[in-house]
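K.L.:
The lines below spell out each chain.
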Amino acid sequence: MSASGETLCVEIHLPLARFQLDCKFEAGREVAVLFGPSGAGKTSVLDCIAGFRRPQRGRIALGSQILFSSRDGSDLPVRRRRIGYLSQQPALFPHLSVRQNVGYGLLDLSHAERNARVDSILERFRIAPLADSRPALISGGEQQRVALARTLACEPELLLLDEPLTALDLTLKALFLELLFDWQRERAVPMLYVTHEQDEAYSLARRVLVMQEGRIVADGEPHQIFSAPVSRERAVLSGYENIFDAVVEETHAALGTMTCRLEGTALRLESPLANKVAGASVCLALRAGDILVAISRPSGISARNVLSGRIRSIEDRSGMVELRVLCGAAGGVDAEFCSHITRGALQNLSLQLGQEVWLIIKTHSIQFLRN
Amino acid sequence: MISPLLLSLKLALVTSCLLFVIGMPIACWLAFTRFRLRFLVEAVVALPIVLPPTVLGFYLLLEFGSRGWMGAFWERCTGHTLAFSFEGLVLGSVVYSLPFAVQPFTSALASVDRRLLAASASLGASRWRTFWRITFPLALPGVVTGFALSFAHTLGEFGVVLMLGGNIAGRTQTASIAIYDNVQMLEYRAAARQSLTLLAISFTLLVIINALNRKRNWRLQ
Chain A
1 MSASGETLCV EIHLPLARFQ LDCKFEAGRE VAVLFGPSGA GKTSVLDCIA GFRRPQRGRI
61 ALGSQILFSS RDGSDLPVRR RRIGYLSQQP ALFPHLSVRQ NVGYGLLDLS HAERNARVDS
121 ILERFRIAPL ADSRPALISG GEQQRVALAR TLACEPELLL LDEPLTALDL TLKALFLELL
181 FDWQRERAVP MLYVTHEQDE AYSLARRVLV MQEGRIVADG EPHQIFSAPV SRERAVLSGY
241 ENIFDAVVEE THAALGTMTC RLEGTALRLE SPLANKVAGA SVCLALRAGD ILVAISRPSG
301 ISARNVLSGR IRSIEDRSGM VELRVLCGAA GGVDAEFCSH ITRGALQNLS LQLGQEVWLI
361 IKTHSIQFLR N
Chain B
1001 MISPLLLSLK LALVTSCLLF VIGMPIACWL AFTRFRLRFL VEAVVALPIV LPPTVLGFYL
1061 LLEFGSRGWM GAFWERCTGH TLAFSFEGLV LGSVVYSLPF AVQPFTSALA SVDRRLLAAS
1121 ASLGASRWRT FWRITFPLAL PGVVTGFALS FAHTLGEFGV VLMLGGNIAG RTQTASIAIY
1181 DNVQMLEYRA AARQSLTLLA ISFTLLVIIN ALNRKRNWRL Q
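Sequence order for the protein chains is A and B.
Just so we're aligned: the first sequence equals residues 1 to 371 in my numbering.
Just so we're aligned: the second sequence equals residues 1001 to 1221 in my numbering.
These are computed hints drawn from the structure, not numbers from a lab.
Please note: incorrect hints may appear among the correct ones.
Claimed, not checked - The following residues of chain B were derived to be distant from chain A, with all beta-carbon distances above 12 Å:
1) LEU1013
2) ILE1022
3) CYS1028
4) VAL1045
5) PHE1058
6) LEU1062
7) THR1078
8) THR1081
9) GLY1156
10) TYR1180
11) ALA1200
12) ILE1201
As the list claims (entries may be wrong) - Rough simulated footprint, nothing fancy, chain B against chain A, three-plus residues with beta-carbon under 8 Å:
13) 78 to 86
14) 148 to 161
Quick caveat: nothing in here was measured; it's all calculated off a predicted structure.
We treat Cβ as the ideally placed atom computed from N, Cα and C, and that holds for glycine.
The task is simple: from the sequences and hints, build the whole structure.
P.N.:
Structure (C-alpha cells):
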C-alpha cells in the first residue's frame, strides 16, 4: 500500500450532550492509545474519524488525503476512507459464513485472488477450521478474531479499535493482541486504540492520549502519563488509590528527601525532595500496588517508610485483594491506606480483620500532585 | 373467458409483485430517513387500513374514470378506460393493499442491526451493495411476510373491486365477487366451492410463509 504509514491529523469540534468535543492531535505509524473514563468522548472521536459522525468544525486528514474538512466542505464517505474500525461487538454478518464475512470487503479482486487472500488470512488468524460456520455457531473470542480478520483483509490505511477486548477473557486477549500487533508491525499503519483500562493502555502503546470531557488533557509515553500524574482527576484515573493532603515539615536537601506530615494526623512520610519549603502544603499520591504489607515489623530494609496499622477491610477484587489499613501515630487520628496484594499473599500471611500489620512504602513511590 | 378464481389469483400476484417494486423504496425511505414529518407519510400509507373499501373505491373510480386525470391520461395512451378494466383493478389493489406490504417491509428493514450496516460501509461497500448483501437478506422474512399479506389481502378484496371493476364476468369478476353473486342467486353449492378454495389457498400460503421463515431463523442461530 503506497499510502500506508501516513500520519493521521485530527482536529474535531463537536457539541455533545454533556460537553463540547474539542480535540486536536496527530498520530504517526504507531499505536496510540486514547485513554479516558467512559463518556469522555473517545468513541465520538473514532466515529468522526471513521465518518459515521460529522464534526461541526474541524479537519481530519490521513497523509495527503483529506477525509473531512469543514473549511472546504469536503466529507469523504465512510466506504472511501479505507479505515478499519473494530468495536466491542464483532458485528459479523449473521447470514454469511466466516469465509464470506472475511472476504466481504475484497471486491476489486478476481474470484481466485479473493479466495487465495481469504485462505491466507483465515490461516493467519487461526480461524481456518471455522471457514464454513455461521457466526452464531462460534465462540465470542473466535467472533472477535473473525471481525479483526475481516477488517484487516481490506488492508486499511488506519486502524481504529474501540475497546475490542472488553468481551474477551485473559488468554483470548493475549492471542488477539498478538495477531493485531504482528500485523501492525508489518504494515506500519497508524492505529488508534480506545480503552478505559489502564493496564491495557500501559501494555499496548508507546503513546497515550488522555481524554477527559471531550479534551485531550495529556499526551505522552505511558510511563510519563501513569507515573507522574499532575492533576487529582488524572491521578484517580491512573490508579492512584491513596491521595493525601500533607504539610512539609522538614527538607533534607543533602538526602534528596523531605518529611511530610499527613494533614490532620501525626503520621510522617518520607517523600522525594520537591521544590517546597517547610510549612508548604502538598498533595501526595500512592499506588495501592506500591504498598507492601508485612505481618511483623521488618528490619534491615531500604524502604524509609514503615507504618504500623490495623486491617480495617479485606475485599476480594478480580485478580487481587484490596486491603484497607488504618495507620496512626501517637497523638493523632488515623489515616487509611489502600494496598493491593495477591490472593496467594493473603493466604500465605493468613491476614485477618483487625490484625496488626506493617505497611512499607518506598520514598520514590510517592508522587506529588498539583493542589 | 377467465374464471373468477384465476382472475383473483392473477390480480393478487400482479398486485403483490408491483407492491414489492413500489413498496420497497417507500419502506427504505421510511426505515432510514431522519425527516421529521415522516409520520405524515406513514399516515398516508396506513390510510387504506382504516378507510372503508367502498370509500376508497369511490375515490379511485372518480380518478380512474374518463373525467379523472389518470383515467383521461390512460384513455389517451391506450384507447380504453381505466375503470372497469383489469389494469384499473390492479392499480386500485395496489393502493388498497399498500400498507400490507409497506408496513412489514419497513419494520423488517428498520430492525436490521445498524452496526452491521456501519461495518459494511467501513469495509468499503457501496450503499447498493450493503442493501443487497446485508439489509435485504436480513430483512427477507419481513419482506416475504409483506408479499404474502398483500397477496392474501388482494385475493380477498371486495369493496374496491366492486366499485372499480363493476363485476364484468371474465374481465373484472373476481372470486370474492363471484361468491357474492352466487349467494345472491341462491347458488349456495357454487359459493361454498369457491369459498372453500379461497380458504384453502390463503391457509396454504400462510403455512408456507411461516415454515420458510422458521427454517431461516433456525439457520441463523
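K.L.:
Now tell me, hint by hint, if it's right for this structure.
P.N.:
How the hints compare with the structure:
Listed as a non-interface residue, LEU1013/B keeps its Cβ farther than 12 Å from every Cβ of chain A; the least gap is roughly 27 Å. Residue-level check passed: ILE1022/B sits 26 Å from the nearest beta carbon of chain A, beyond 12 Å. Distance to chain A confirms CYS1028/B as a non-interface residue, since its nearest Cβ pair spans about 18 Å, more than 12 Å. For VAL1045/B, the shortest C-beta to C-beta distance to chain A comes to about 28 Å, beyond the 12 Å cut-off, and the non-interface label holds.
The beta carbon of PHE1058/B is kept farther than 12 Å from every beta carbon of chain A, the shortest such distance being approximately 45 Å. Taking the minimum C-beta to C-beta distance to chain A, about 46 Å, the non-interface status of LEU1062/B holds against the 12 Å cut. In this structure THR1078/B is separated from chain A by more than 12 Å, as the shortest Cβ-Cβ distance comes to about 43 Å. Listed as a non-interface residue, THR1081/B keeps its Cβ farther than 12 Å from every Cβ of chain A; the least gap is roughly 47 Å.
The beta carbon of GLY1156/B is kept farther than 12 Å from every beta carbon of chain A, the shortest such distance being approximately 33 Å. Listed as outside the interface, TYR1180/B is consistent with that label: its C-beta sits roughly 45 Å from the nearest C-beta of chain A, beyond the 12 Å cut-off. Every beta carbon of chain A lies more than 12 Å from that of ALA1200/B, the smallest distance being close to 33 Å; the non-interface claim holds. Taking the minimum C-beta to C-beta distance to chain A, about 30 Å, the non-interface status of ILE1201/B holds against the 12 Å cut.
Coverage of the region 78 to 86 of chain A by chain B holds [criterion: at least 3 residues with CB-CB distance below 8 Å; count 8]. Counting residues of the region 148 to 161 of chain A whose beta carbon lies closer than 8 Å to any beta carbon of chain B gives 3, which reaches the threshold of three, so the coverage claim holds.
Violation of the numbered hints given earlier is absent; every hint is satisfied by the structure.
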